[in-house]
Amino acid sequence: MTTLRDAESRSKGWGTARSAPPPGRGDRRPTQRRRRLQRILGEHPLGLLLSAPYTAFVVIVFLVPFGFGVWMAFHDFFFTAPGVAVPHPFVGLDNFRQVVDDASVRQAFGNLLVFLVVNLPLTVVLALLLATGLDAVVHWKGFFRVSYYIPYVTASVATLAVWIFMFNGNGVVNRLLGDLAPDPTWLANQHLIMPLIAVYVTWKNLGFYVLLFLAGLQAVPQELHEAAKVDGAGAWRRFRTVTLPGVRPVTSLVVLLSIIMTGQIFTEPYLLTGGGPNGASMTPALLMYQKGIQQGKPDVAAAIGMILVLAVMILSLVSRRLTERRS
Amino acid sequence: MATNATPATAGTPRTTEEHSDRAGHGLLAALRFAVLLVGAFLALVPFYYMIVGALQKERDTSILGLLPLPGNLTLDNFVGVNSSIDLLGSLLNSLIMTAGVVGCTLVLGLLVGYALAVLSFRGQGLVFALVLLVQAIPFQLLMVPLYVMVVRYFNLADSYLGMILPFAINSVAVLIFRQYFLQIPRDVFDAARIDGASELRILVSVAVPLVRPAVLTAMLVTFIGPWNEFLWPFLVTKDAAMQPLAVSLANFSQANSTFQANPMGAVLAGACVLAIPAVVLFLLFQRHFKSANLGSALKG
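The listed protein sequences correspond, in order, to chains A and B.
Throughout the first sequence, residue numbering follows the working numbering, covering 1 to 327 in sequence.
Throughout the second sequence, residue numbering follows the working numbering, covering 1 to 300 in sequence.
Read the hints as simulated data drawn from the structure, not as lab findings.
The reader is advised that the hints may include incorrect statements.
To be verified - Taking CB as the label site, the calculated pair distances span: (1) B/G123 <-> A/G232: 52 to 60 angstroms; (2) B/D190 <-> A/R106: 32 to 40 angstroms; (3) A/G67 <-> B/Q179: 25 to 33 angstroms; (4) B/S205 <-> A/V220: 21 to 29 angstroms; (5) A/G274 <-> B/L91: 22 to 30 angstroms; (6) A/H225 <-> B/S205: 37 to 45 angstroms; (7) B/L42 <-> A/A188: 22 to 30 angstroms; (8) A/V100 <-> B/L281: 18 to 26 angstroms; (9) A/P121 <-> B/G123: 40 to 48 angstroms; (10) B/A34 <-> A/E324: 53 to 61 angstroms; (11) A/T241 <-> B/L281: 37 to 45 angstroms; (12) A/T241 <-> B/Q179: 25 to 33 angstroms; (13) B/A34 <-> A/V220: 20 to 28 angstroms.
We treat Cβ as the ideally placed atom computed from N, Cα and C, and that holds for glycine.
One chain only, chain B, in its complex shape (with noise of 0.2 angstroms):
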């Protein structure tokens, strides 16, 4: 662990102060590793216990419980829940505010953040200036307006066109697109306007193609969001039928609900299948929260 010198260095001859440096290291990296594993297992206990949790057939807080005892185990809470609130229904409803706000924060975002980065026009700064303000002014300044707007003059509560409208333009996606615009090279638009193309064209053909890890990092950025709010939908929406899940189950916690076997449990699986499908995504695209090596435009 202590000899992973890049190839760079590999070449320079080492001094020997770097060689009596060594024992340190290793006392140095076994300590961060540490560090790291606690980090870890702070930030993981509560998933864990969120399973084992939806998983017991009695509640049971005792330190042995936090173990998944085979006695204790049971998928009833899951049949519970389902009882109480329509988990299928709210899962759709989740679904559709989530593909509403997705859809249209990557189609305004995209064309929003090329403009900013790769075009100069007149009220550019503006533009961008909004951008900023909208990232910079909480929502809880808009909150009370917003719902007295979308509720009572609209006519859209209880619809998903209410639930999405606040959330259809995140400066993020912007500033996630402009920035990989940013990152391309001059060259290659400057390459592209030499060999006649309009400004249309290169935005279809060369500008987005080039920045597909930035739609799937701008999706995955703004899915979290919508799939997981809870103050807006659960103002919007007094319709069960059109709550999202995270509202019906905030609604079904806070409702105590003591005819149900495990009333704990029957919230820790309504939290599971709400955590489940945000979490599964994450872990499978989670190596492209990096950036993406953008360097190949130019070769050849």
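So here's chain A without its partners, still in its complex pose (with noise of 0.2 angstroms):
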């Protein structure tokens, strides 16, 4: 490895022009020096240094948190009063078999792919629509991609408000809706109120999709629709035989990041609902907070975090197999 990288070194520009005349007497040592500290720290060492702090700040608020939630998942572990030393004794899988047990943890697991369900071909679908249409659009570029990004930059709790606002029971959305109204309506509903947070990310979120498959679109050489046009493809055939495949890397992209951003879902379900009705919008973040934090048990709220990030990165290898082998 050390001798491969530097024969590549040697191989780069500078390099050559410093070992191929050999140095004179003086310059000799701290050249040879120089040369074996890059054999040891590579060639620029500075890198190091510009890492060392952020590499610091991974170990103390990622690391260290990562290898403690996993250990106390593991243990039994509960709040004491400052200074108070008590044991925290090996529990083995105790706590993942309490998780397994408790039906309010499968309810939010199963709550999850409901939300996906809804909200992942809501999101591809809407995004690359949109981001095709942007792609193409002459006159007011720019205003609509401002429009689709704000709800992206506006926090949820701000939006939430609005969407409490117009989605309980005699808010604007069932005025107009008359007659057709949900019964009960869609925040006390257990069959609505999941779809209807899965809408909210959606809406939330799509602007910053909207940007990725753009980047993407753009990407995709112009040279490939002129020559589908000149071989006679009408605008849908280029759409399925260009453009869909030239974006397939920004589509896994963006079901990646939904499949993560599921796992995280707790403002919603907290300020729409609470986790109600009846257990109908939890999700395993917010039962995280109430198990972990709430109710003193963050063992249990470690093992939980453990299970949904297993799945998480599970549904994430699905989804890539599947979005990249699709041709």
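Got two chains here, each in a separate frame; can you build the complex from them with the hints?
Printed below as a string of structure tokens:
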């Protein structure tokens, strides 16, 4: 590895210039020391120094809590008064068993699936539709782009306040629907609340995904479109055979990001319903807050967190397989 | 609209097929415009309603209430929400938290982004893997242990440091900087090296000025997160005097403030105060969300 990298660095620009003529006696030793340092630390040791603060932060606020969380999930951990030393015995899979046996946990994970079924197709189709339009439109392009992005830059706490205003029992949406208004109403309806949250999240994040798709569309070579046009392909045919394959990496990324975001849903159910009705909008993240911090069982919450991350990872891998192989 | 031939294709003779395509083209363009318009309408309507609702004297959820009726307009809701939560103090808390996060993110992100894109050193792959790892693992896994550490062990509850700490590193910012540095042609750096500039000098005098647009982009992207963040500050601040606006507003809306003349209006007024700074900043700087033209670095 070292020799390989050395050979590589010697073949690069200034490396050759320095190593080709044998250096004079005077500057030979510092050069050698520098060489040795570079052999150990790489061509630019400065890089280590520049990465150090970031890496330190990753360790403190990421790796240590990560390890702590895993440790917690396998031990009997509870809050104590500061300074009091109590044993936290190893309990194996007890916390996990408690989590799996808990019907409310299973329901919370099921709710995420309902969310995904609504959110994923809606996000991909609408974002691609708007991005395709945005890519081709001539007038008002900036206005459209900005409009779609505004929900994304606005705080959930603020936008959720309006959604509550619009969707509660005598809100304007039910007034508009008249007799078609659902009963029980949106926020109290256990079949509608999770789809409503999924629609809200789609609305909130769509602008971000539109921008991603737009960048992907602009990376599709114009020549391919021209060539397909010359071959007599219509607009729909060109969209299917040139645009869709061209943006497949972006689609894959959008699906991946949506899945990761799904695991984090907390604010929406917390503010809209508190997890109700009957746990129909409970999510694992909200459950972790309730169990870990409100009820003082951080070990159980940590176990839920590990299961959640595992589920998100498996789903991400499956989605990558599906979105990248389809051809 | 149909004749937007680019300079490159303007010179080539048009086929008859393309001419017959134009009528369909116009229809498609109109349809496209309609779809985009509906999208913009749906994206913006809640904001319109947020403002109208915040200005209503009495809550009016009728269809007519969608219009700002002159008889039902008032600024009382802003006064009302301000009597329950200290708007100015909360805004200041939001601002301090945001400034701390953005500052840390920019400095740490720029350094790592530069190191990853331009330099080559041992452990580079590991550092990049760490950046991606931070990006990939959801915050929820860390939520409980971080809470225990920050609040119980570090004693940072109700402090700015406690609010800022988990957001001080931001992988998106690192990736933005890395991407910008990668876009700068290697020749720019090699030229500086041949001129005898040290690596540190190259970073300060060549790289940083070149990525100024990236600094702005990273700033705008990271500003949104802490300003809007609810969950973490909600966990670590119990003292109302330390809470950022997102947290105090959420608590206010949960508290079912029935003593307010128009409780919903007061919540929406608070929502406006929370939303406006982020939206205005985005509107002011939205053109910087496009990637900058860096080709000029090599000219001359």
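Right, here's what the structure says about each hint:
Evaluation of the 52 to 60 angstroms hint for B/G123 and A/G232 yields a pass: the beta carbon distance comes to about 55 angstroms. The beta-carbon spacing between B/D190 and A/R106, approximately 59 angstroms, falls outside the hinted interval of 32 to 40 angstroms. For A/G67 and B/Q179, the Cβ-Cβ distance of about 31 angstroms falls inside the hinted range of 25 to 33 angstroms, so the restraint holds. Remark: the range hint 21 to 29 angstroms for B/S205 to A/V220 is contradicted by a beta-carbon distance near 38 angstroms.
At roughly 27 angstroms, the beta-carbon separation of A/G274 and B/L91 lies within the given 22 to 30 angstroms, and the hint holds. Taking the beta carbon of each, A/H225 and B/S205 are about 43 angstroms apart, inside 37 to 45 angstroms as hinted. In this structure the supplied range 22 to 30 angstroms holds for B/L42 paired with A/A188, their Cβ-Cβ distance being about 24 angstroms. In this structure the hint that A/V100 and B/L281 lie 18 to 26 angstroms apart at CB is violated, the actual value being about 45 angstroms.
Taken as a hint, the range 40 to 48 angstroms holds for the pair A/P121 and B/G123, whose Cβ atoms sit roughly 42 angstroms apart. Between B/A34 and A/E324 the beta carbons are some 33 angstroms apart, a value that contradicts the proposed interval 53 to 61 angstroms. A/T241 and B/L281 have their C-beta atoms about 41 angstroms apart, which keeps the hinted 37 to 45 angstroms range intact. At roughly 30 angstroms, the beta-carbon separation of A/T241 and B/Q179 lies within the given 25 to 33 angstroms, and the hint holds.
Hint check: B/A34 to A/V220, Cβ distance near 24 angstroms, so the stated range 20 to 28 angstroms holds.
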